[in-house]
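Using the sequences and the hints given, assemble the complete structure.
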Amino acid sequence: MALYSEKVMDHFRHPRNVGVIEDADGVGEVGNAKCGDIMKMYLKIEDGIVVDVKFETFGCGSAIASSSMATELIKGKPVEEARKLTNKAVAEALDGLPDYKMHCSVLAQEAIEAALEDYESKK
Amino acid sequence: MIYADNAATTAMSEAAISRMTELIRDTYGNPSSLYSFGQKAKEVLEQAREDVAAVIGAEPREILFTSGGSEADNQAIISAARIGEKSGKKHIVSSAFEHHAVLHTLNKLAKEGFEITLLDVHEDGIIRPEEVDKSIRNDTCLVTIMYANNEIGTIQDIKAIGAVCKARGVLFHTDAVQAVGHLKIDVKEENIDLLSASAHKFHGPKGVGFLYARKGIRLTNLIEGGAQEKGKRAGTENVPGIAAMAAALKEAYAAIDVNTAHLVPIRDRIIAGLGEIPHSALNGDAASRLPGNINYCFEGIEGESLLLLLDDKGIAASSGSACTSGSLDPSHVLLAIGRVHDVAHGSLRLSIGEDITEEDADYIISSVKEVVEYLRGFSPVWRDLVAGKGSFIL
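Read top to bottom, the protein sequences are chains A and B. According to the working numbering, numbering within the first sequence proceeds without interruption in unit steps and concludes at 123. According to the working numbering, numbering within the second sequence proceeds without interruption in unit steps and concludes at 1394.
Since the hints were derived computationally from the structure, they do not count as laboratory data.
A few chain B residues that face chain A, going by a derived Cβ cut-off under 10 angstroms, partial list only: (1) 1301; (2) 1302; (3) 1304; (4) 1305; (5) 1308; (6) 1312; (7) 1321; (8) 1341; (9) 1342; (10) 1343; (11) 1345; (12) 1378; (13) 1379; (14) 1383.
Keep in mind the model is a prediction, meaning the values are calculated, not measured. From the three backbone atoms N, C-alpha and C, an ideal C-beta is built for every residue, glycine too.
Okay, here's the thing in structure tokens:
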């Protein structure tokens, strides 16, 4: 049995929306290097819509895949909808994560929440 | 595939496979049975004991067959503790980077009231014999120090530590799981009282190992039952596995010089090649090191993603990252040599085998360089370091 689902491996090998948005409207960073996971999300928001999202991640395979999937799930969506993204939705979209890797999907949710908070605080 | 995880397990040698299959098919008798078919199995068993003993300079009766290295470690330590507590000696000296088979057994004894001193292994991963000497007290019953470390490959001055223990009248056990079959060991010359080994680390089968216990040391059973192994380890002997272990060990021992001469230059080529990666560091002393061990930390990346991408390139390796163990902390070995969490997560262990070529080494070097650079390309940690926010550790 493989460690990860094919979806996880696909998003790990070919992460979507990798990079930085220089003039981002909201930036969120969660996790810490001590624990081995850091995720940073950059959002571009226009008229209440997440028009662009990029991420950078220091972490394991499932952390990279969770970040990638989370960006796909909110890209092009209204801010209100992005705010409702749950870690469960990220994990399900990846066809599941091993139990001890669920915290990676939690980090992805928290990174987006942090970026949205940053956006709200700047408004 | 380039298999670079020989510290985890090795491929069985042809000699071991043929010995094992031959015995499974033809010599299935129980060595405890008195008819000749059973006695034939007994002969095979005793010949294996002689062969194993000869390789480490022991007497056959000093060899106890076990299910592997972990069982041998458990039995050695528990036995020494039981001997010690009879005379009120309940202090044990060990090191911070022992295998969990040792550390967890010591934890169990600590709960029973034993006091455990874990010696510093220093930045180079080398225990100082004089510090062993200083740590021994009047109530010390055992010193247990691994021969060579399973993660960073550092080799201890076992002879000097053994001499200290002998002079102080304390039993000395060494977990030699990574050393047997790879280094020349003489238990008498090195003053070793108890030694653990595991067959699958030297091209033997899994589920077999042995404990050397100097004659006169009373062992405590972990498994009660029949009178096998002089009553010290119950259960019908795994004759095919034990004989295959002996075959693998004889072969490995005979080839130590040739293998070392082949492996050391390739190991050092990989160490030099990976050293070209900026902000990387070799873990463990470069010289006093197993011939096949390379262990690096790379700043700004995490080890599991490195392993998965190397796997895609056909390289099988391992890491001390927390994510590869299922726990939150990275390898206790890397922490013991002073690596902080941030960089310990980005570790890579390559344990190369005798079949490796220079071309393989160059492919490993270029692949690791490529993957580390790729992962750093979208690591927020690396971006901050390069931007001057925070300072590099390595």
